[in-house]
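Participant: Spelled out from the first residue to the last, the chains are:
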Amino acid sequence: MSFPKRLIEPVLAPDGVLTREEAQDLIARAIRFSKADAIRIHLQSTRESNIRFAANQISTAGTSATTSIRIQSVFGKRKASVVTNSRTDEGLRRAVEQAEALARLAPEDPEYLGELGPQQYVAVPAWFESTAAVSAEDRAKAALAALAPARAARDLTVAGFLVTTARATAIGNSAGLFAWHRSTDANYTLTARTLDGTGSGWAGTTANDWAALDVSGVAQRAIDKARASRNPVALEPGRYTVILEPDATSDLVPLMAGALQARAAEEGRSAFAKAGGGTKVGERIVDERVSLVSDPADPLILGTPFDAEGMPLGRQQWIEGGVLRQLAYPRYWASRQGKAPTGGANTLRLDGGTQSLDELIAATARGILVTHCWYIRAVDQRTLVYTGLTRDGTFLIENGKVARPIKNFRFNESPLFMLNNVEAIGRPVRTAGGDAMPPIRVRDFSFTSLSDAV
Amino acid sequence: MTTRRTFLKTGSAAAVTAAVIGPRGLPASAPRPQTRGLYTDPATRELMMEALDAARRAGATWADVRISRNRANSIQTRERQVTDVVDADTIGCGVRVLVDGCWGFAATEALTRPGVGTAAQEAVAVARANRVAQDRRVTLAQAPAHKDVTWKSAYEIDPFTVPVEQKADLLLRANAEALRAPNVRFVNSGLSFVKEERNYANTDGSVITQDYVRSWVTLACTAVGNGDFATRGPEVVQPAGRGWEYVLEADIVTNARIWGEEAAEKLKAKSVEVGRYDLILHPSQLFLTIHETIGHATELDRAMGYEANLAGTSFISPPEQVLGALKLGPAFMNVIGNRSERGALSTIGYDDDGVQPQDFHIVKDGVFVDYQTTREQAPWLEWWYTKQGRPVQSHGCSYAQSWADVQFQRMPNVSLQPGDRDLSWNDLIAATDRGIAMIGRASYSIDQQRYNGQFGAQVCYEIRNGRITGQVKDVAYQMRSPEFWNSLDMLGGRSSYMHGGTFNDGKGQPGQSNAVSHGCPPARFRNQNVINTGRA
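Listed in order, the protein sequences are those of chains A and B. According to my numbering, the residues represented by the first sequence are 51 to 504, in order. According to my numbering, the residues represented by the second sequence are 41 to 576, in order.
If we strip away everything but chain A, and leave its shape as in the complex, we get (with noise of 0.2 angstroms):
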């Protein structure tokens, strides 16, 4: 075996996360390792532990420490990145020395813009000691408001997850930045499946602060929905009006993410590509009511106010009114372009109205509803056409109300034409995915085939 000495290993806190202190005293000590032009560490360090069931039975459960700690050591235009988890003085120079040596060989990257001085970052407050501090004994409690139904119940199986995160990240370069971010997460998702096989029902949340996760909600929710899918009838494929529950406009809205960066607009292989060249920004794209902005400091998001750079991240306004108004420009692409760099459309926010589900659903005389989606993939990039499933809890609406269960679709639709399609939209909530997303209504969504899964 070929393990470097760590017998010196730096102890961590308590709460297994590196302190602001102890990430500025690590990247000082890499920089004060280099001998190259430039250097940039980013650090993560994370604590994560979790429970898992399935089958009404505790499967496995574990809580793991870890650190990442990226080096980026750059000759000229040279460069090349090396990640390690050893916080040693040993380790760290080995891998420092490990990615000089490889910046050396490796061939000029023309796109290197040199590394950014100190910047000023907006405050997210992400971290919640409620979280940070949530015990094994904590997690199998949870786990019970599902398990302790549905084994009463005896016509239902339970399976979920519960995974609570504190993580620090840190960025550090040679031209003086400093950036640290430290957050709390707690993930909680459960699928209940009838025991006959015929039903299935999920739901999720998440938040920063332990004490705003609601496990019991969920596990009714998604009791409630398995029970009220049993038995499903099948529909013809074709096109129908469709409600989203946020959850499922969180599986498709996204998908818009990749095709906003600029460069692969400005040189023609994207959607927001126009024919004959140039891009699509300042044209009507979607349905006028439908505003997508990407803020690290929404409270419904509370993201990481930079990116791996240490660059700002601030509030992007892709689209409003429909209109998309800008690209996603890296620094690099920037610079070319003469445009200021933006980061990516990261996490992302859909408004464009207020209507809760329960008054989407009220106002749809025929309708579909779906629960989340699965396997999404896409089909082809030029229209952002995507392939995937419904799952757990999809229902037909008739006259206001679920009517009754239906089996699954498969569809081929593109979040591009399903909002241009928008009939209504509702009040944005934090999906189990982490983004800002409302329920919506769009007709002619398009379902291609029946599936037979439950």
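Heads up, some of the hints might be wrong.
[Said to hold, decoys possible] Distance windows between CB atoms, simulated: (1) B:G551 <-> A:P287: 27 to 35 angstroms; (2) B:E285 <-> A:E71: 17 to 25 angstroms; (3) A:P199 <-> B:E422: 24 to 32 angstroms; (4) A:G364 <-> B:D140: 25 to 33 angstroms; (5) A:T404 <-> B:G267: 38 to 46 angstroms; (6) A:D264 <-> B:D140: 52 to 60 angstroms; (7) A:R277 <-> B:G551: 25 to 33 angstroms; (8) A:G126 <-> B:D198: 43 to 51 angstroms; (9) A:R277 <-> B:T179: 29 to 37 angstroms.
[To be verified] Derived contacts from chain B toward chain A, CB cut-off under 10 angstroms, selection only: (10) G144; (11) N266; (12) P358; (13) S464; (14) N466; (15) D467; (16) A470; (17) S527.
[What the hints assert, rightly or not] Here's a subset of chain B near chain A, in silico, CB distances under 7 angstroms, partners left out: (18) F145; (19) A208; (20) A260; (21) V264; (22) D473.
Rather than coming from a laboratory, the hints here were simulated on the basis of the structure. Ideal placement from N, C-alpha and C gives every residue a C-beta, glycine not left out.
Following the hints, position chain B against chain A.
Facilitator: Just chain B now, kept in the frame of chain A:
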């Protein structure tokens, strides 16, 4: 601890020939490589023994420990420049325990006696905490202890010894060739390598050290013109459990020009007419359909509901109704689960339960006969193995992506066996009147019980009267797994058998990635539903 040690190289691999779509796998029947001189480092062994002792002292009735070094190297390019060079190297320890039939796990980066001891205690504490929510005990199938054994994967040249400039030069020369094709304006290419030194010990007495390498070449060429674009790639060469020699055999510089020309032809190809076609699926495309419809559907944890909250369950369930009863395909269809095919991605000497895997039939003569299992899962099928007169033993499918992750059931190589007659790709085309031949994985999606799948390809050719008439685009087949496999009517022979594979197959919560290959010959499926995915 000890200094860096160079592992001994094994004998030469069988020569392989580069094909347009990528190199073939090594002969499946070749023996496993053996090594001498690879053994568990004394300091690592001492830490593993300390972790097991600490677990027992804290109250564990069974425990295992993994200390591994996980290395990854990647270089990415576009057109005439390198965009990223990354070398990752992490080391740590994961301890798994059983306390009163309850699992607990903890992982640490602190490779000291107190560090691994604390992790063991934490794993025991997690297991104890879970007892309040447990009402069934985990029991493990018996497995013989493997004491001081070693294994090395089928690589000859360690890719981590190849200088970065040599890797960059190869990619940039390939990019230049691709850019010579008409209308090809963009090329992205990359090399990715993984090397793991995996140490394992358990309280049964196993002490195992394994040296594992895998390699992947990607190249995507995009032709642009007339307000449209078309891409060939990026999976043009199948990833493999081999080393740098494999990358060289793929001959990507020569082949890049062909891939570029295929992208250019695709840009101008006619859009497919929807309808029913006989499909001839190349192994580079078919492997993924095998993976999705048979590979995932025959994981016992899925069939029993253990993945219901994410990856899903399975149409091949419940076990008592389908084992030995479900006719999955024609009588000449045989599918084998194995971790033994040389150069395949899931090939390993010992799994993460300490089990030495044996090959097993999943589908025999068209009938479903067995699931993929771990030591925890094999006893769930005791009734079936007893009925068959077979021992209750794990098929060796336990895997964790790193020391920081807990092991669970992951896929072995699940391989469709070639037909008796030595038919080739061209023989299948010549025997087809109206069909489409599909090469390379592209868009793929399947439901959570593995019934309804939709699969595209990178390159599709229309077949009329036994001949290829040219490319068609916007092709995908939509199928239902049981009917699809029962429509199989022709199989290529042994010499057309090759591996397709994926570097990153996701499953589990928290999500873990594994790498797996699927051997198969080209095969023909009658009268399949083809849709047109272009809606520009």
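Participant: So, for every hint listed, does it hold in this structure?
Facilitator: How the hints compare with the structure:
1. B:G551 <-> A:P287: 27 to 35 angstroms: Between G551 of chain B and P287 of chain A, where Cβ atoms are some 31 angstroms apart, the hint holds.
2. B:E285 <-> A:E71: 17 to 25 angstroms: Violated, at about 48 angstroms.
3. A:P199 <-> B:E422: 24 to 32 angstroms: 31 angstroms, holds
4. A:G364 <-> B:D140: 25 to 33 angstroms: 53 angstroms, violated
5. A:T404 <-> B:G267: 38 to 46 angstroms: 39 angstroms, holds
6. A:D264 <-> B:D140: 52 to 60 angstroms: 31 angstroms, violated
7. A:R277 <-> B:G551: 25 to 33 angstroms: Since R277 of chain A and G551 of chain B have Cβ atoms about 29 angstroms apart, the given range 25 to 33 angstroms holds.
8. A:G126 <-> B:D198: 43 to 51 angstroms: 29 angstroms, violated
9. A:R277 <-> B:T179: 29 to 37 angstroms: Once the Cβ atoms are compared, 33 angstroms apart, the range 29 to 37 angstroms for T179 of chain B and R277 of chain A holds.
10. G144: 6 angstroms, holds
11. N266: 8 angstroms, holds
12. P358: Check passed: Cβ of P358 of chain B comes within 8 angstroms of chain A, closer than 10 angstroms.
13. S464: Violated: closest Cβ of chain A sits about 31 angstroms from S464 of chain B, beyond 10 angstroms.
14. N466: Constraint on N466 of chain B not satisfied, violated at 30 angstroms.
15. D467: 31 angstroms, violated
16. A470: At about 31 angstroms, which exceeds the 10 angstroms cut-off, the nearest Cβ of chain A leaves the hint on A470 of chain B violated.
17. S527: Violated - the Cβ of S527 of chain B stays beyond 10 angstroms from chain A, reaching only about 16 angstroms at its closest.
18. F145: Holds, about 3 angstroms.
19. A208: Cβ of A208 of chain B sits 5 angstroms from chain A, so the hint holds.
20. A260: 11 angstroms, violated
21. V264: Holds: closest Cβ of chain A sits about 5 angstroms from V264 of chain B, inside 7 angstroms.
22. D473: Since chain A brings no Cβ nearer than about 26 angstroms to D473 of chain B, farther than 7 angstroms, the hint is violated.
Consistency note: the structure conflicts with the earlier hints numbered 2, 4, 6, 8, 13, 14, 15, 16, 17, 20 and 22.
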